[in-house]
Amino acid sequence: MRDAGWQWRDLPTGLVMIAPSALVLGAFLVYPLVKTVSLGRQRCNESATRCVTTGWDQYSDVWRSEEFQQALWVTGKFTLLVVPIGLALGIALAMLADRYLRGIGIFRAIFSSTVATSVAVASLMWFFLLQPDVGVIPNIGWVEDLFGVVKEPGLLRDPGTALTSVAMSSVWAGLGFTFILVTAGLQGIPADLHEAAAIDGAGGFRRFWSVTLPMLGPTLLFVVVVLTSRAFQAYGEIDLLTDGGPDPQQSTTTVTYLVYGDSSVVRSDAGLQATTAVWLFVILLVLAALQLRGFGRRVHYGD
Amino acid sequence: MATEHQGLEIDRVTGWRMAPRYALLVVVSVIVLFPVYTTVIASLKPGDKVLDNPLVPDSFTLDVLRNAWERGNLDRYLLNSAVVALVVTFMQVVTAVLSAYAFSFLRFPGRNVIFFAFLATLLIPIEATMVVNLQTIDSLGWKNSYQGLAVPFLATAFGTFLMRQVFLQLPRDMRDAATIDGVGHLGFLRHVAIPLVRPTIGAMALFAFLSTWNMYLWPVLVADEEEWRTVQSGLKQLAAAGIDEPNLIQAGTVIAAIPVAAVLLIFQRQLVRGLTAGAVKG
Chain A
0 MRDAGWQWRD LPTGLVMIAP SALVLGAFLV YPLVKTVSLG RQRCNESATR CVTTGWDQYS
60 DVWRSEEFQQ ALWVTGKFTL LVVPIGLALG IALAMLADRY LRGIGIFRAI FSSTVATSVA
120 VASLMWFFLL QPDVGVIPNI GWVEDLFGVV KEPGLLRDPG TALTSVAMSS VWAGLGFTFI
180 LVTAGLQGIP ADLHEAAAID GAGGFRRFWS VTLPMLGPTL LFVVVVLTSR AFQAYGEIDL
240 LTDGGPDPQQ STTTVTYLVY GDSSVVRSDA GLQATTAVWL FVILLVLAAL QLRGFGRRVH
300 YGD
Chain B
0 MATEHQGLEI DRVTGWRMAP RYALLVVVSV IVLFPVYTTV IASLKPGDKV LDNPLVPDSF
60 TLDVLRNAWE RGNLDRYLLN SAVVALVVTF MQVVTAVLSA YAFSFLRFPG RNVIFFAFLA
120 TLLIPIEATM VVNLQTIDSL GWKNSYQGLA VPFLATAFGT FLMRQVFLQL PRDMRDAATI
180 DGVGHLGFLR HVAIPLVRPT IGAMALFAFL STWNMYLWPV LVADEEEWRT VQSGLKQLAA
240 AGIDEPNLIQ AGTVIAAIPV AAVLLIFQRQ LVRGLTAGAV KG
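Protein sequence lines, in the order shown, are assigned to chains A and B. Going by numbering that gives the first Met the number 0, the first sequence opens with residue 0, and the numbers climb by one from there. Going by numbering that gives the first Met the number 0, the second sequence opens with residue 0, and the numbers climb by one from there.
Extracted from the complex, chain B is given alone in its bound form:
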């Protein structure tokens, strides 16, 4: 195992020697946060004051945010996004755990062939499938519905692959011991395997939640009724509706960004795990 990189000893010397680096860090932070800053400032200013001093928060009101909330159907969009993202996340974990269990703890003939077929689907970009998926969803009568928004994403080969990797690291004796004790497959999964791989499940769940929440093209294609828009496709709608009231849209953007920002603040550690776990996928 590589030792954690601690930086050179010299770096620990704090004080004035580090002032230039702090200055650089601050300048870069300002640049990175600039688009966020201007959006937040605009959402807090009364409509007629937005253009006066776009960079200075000289007047302050919550009216615009309230207005955006009431006029933009944002509550409905947020609800839709939350339902779809939570259902997809939960089901991706369930389908991945089940199939990964079969691919690691069971030894039935044909297993490896099926596993390679799973892996091969990683090469298919969803953008290449949406024309036909749209027809499928339409023929099922699922346009403008939660089913239509969620069902195509209830399983991923990536999730299966990731869970299989961690299951393979569990000692086989455990499974054998459980069998001798008369514990079935599901009982073993619930009481032994899942508790042991909880960190990976957490990372995978966060990754699934974020990618579903942020999905743009599919919701735009599959839901054209106001009632079924997600936050992302709803923002498109909001932007198209009123360019003459720019800060209303900016307020909507702020409201739309808050839930994900909150989720990420809470689950920071899982995020790094989730993204670096992706590196295995390469």
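Here chain A stands alone, though its shape is the one from the complex:
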């Protein structure tokens, strides 16, 4: 930063100004992370009255446990549904609205509108879209005739469709966010690039693949990183739509839900909760690093 030359007399002021932030970050992010790592070695009896420190092997025990492996598999499937579909739809909506037409502002507002729905609001909307007895879709006659599963047992209760249904609700809720970011990205692409490509005889699809997508690189990288970490931390939609079920496979119990869910097996044991939470942290860290490295190399940042 600019010229060096540290000034000791700035030190007290500096520390005082940093103190409030440092205190909060230290007490509620750094300390709990360190504490969670050590808490992860502890195991309690059924009623949590007696706890023993079992050692680091609890980390490998949890990792190898059937519940964790199942949750990891569910989380992976959930992420692979939410991220690519959410990204593709967000790009499609942004391309569709990226024209200076009369009234385009209204359509942009509509496409952005799902940012106004919190996870609870979005999930309840979808709940009453899909709920077999009182939901909208299962009570449309021809849908019911065509796809029996919407009524019996219901999309959210069938082990084969529950996760996909939760994912669709998540995709919908995240659509506004992706749309807004991709739209901003599109507006940053200089018009002369498109014009030059058009003059060179590139058609619409060619321009999309060779100009638009590469120029959107940094935006898309950011969206993918955010959507992935959100998918891994998804909790509200699972809590409200499926409670981690349907049983017995726990088809929608993701890693985050495994830590905190009402019906989760580790919920009552802080030690096991901590171990699982640490694994969640490690996985997210590795994923972010992989995405930034692998994807980052291919991203074109312009000049």
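By construction, these hints were calculated from the structure, which means they are not laboratory data. Ideal placement from N, C-alpha and C gives every residue a C-beta, glycine not left out. Some hints here could point you the wrong way.
Stated by the list, open to error - Here are the simulated distance ranges between beta carbons:
#, chain 1, residue 1, chain 2, residue 2, range
1, B, ASP74, A, LEU22, 32 to 42 angstroms
2, B, ASP180, A, TRP55, 51 to 61 angstroms
3, B, LEU195, A, TRP5, 22 to 32 angstroms
With chain A fixed as given, assemble chain B onto it according to the hints.
Structure of chain B alone, referenced to chain A:
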């Protein structure tokens, strides 16, 4: 600077040539709004008519909305959410501005090390910290209180980082001139720096407000008494209470969604700024 993308000249031709695109825009809009539409329709129908024609607003009443408002404790939930979101937003701005000032305008030894430590906390997902944070809040006696709901979120490294970025763009001479005029750090912040970076503060504040308002897991964990539920955890409660009266829950959902929708309508520009500013975080 990239010139604003104006679209190809040909796009400006309006009229019938654009009809297919308008048709497509309308169809997609209907699909995107479908969940909202069905929820609003259900909240406006009398309870016994909900299942008759779920897609057609053939009967209309405000009773369900009124009923949800009275029975659901929604006023209390909304108050709690508003208090927590406003306090967190205000404090996040204050803590971010103060620390960013120290990280940009002051040059004390150790500054860069501390700044990198701040940045490193961006890697910690809050979901990994809540088990212990819950114990901390419990031992402070802050379960079911505004402190418990708000205090863990009063500062973010992201806010500090964002504010530092804009402070670094202000000319250093300004600070020197202010020093010569005998203006102190806080005076400089209040009268010079903050007014100059107001748009960024606005974007950051809106982002903070929305993320706090929409928080789900923490309020569910930290407040289990009716009095201290936020809108989000309150909706969970409402949904658990009465599946036999579906449109009551849908009315509650509508009421819960209105404040954020209103805030976003007013602050549209800040929203785009706030979200794209996040792209720096990547």
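The hints, checked one at a time:
Separation of ASP74 of chain B from LEU22 of chain A is about 34 angstroms and conforms to the stated range, judged on CB atoms against 32 to 42 angstroms. A hinted range of 51 to 61 angstroms for the beta carbons of ASP180 of chain B and TRP55 of chain A is consistent with their spacing of about 60 angstroms. Judged by the Cβ atoms, the range 22 to 32 angstroms given for LEU195 of chain B and TRP5 of chain A holds: they are separated by roughly 26 angstroms.
The structure meets every hint from the earlier list without exception.
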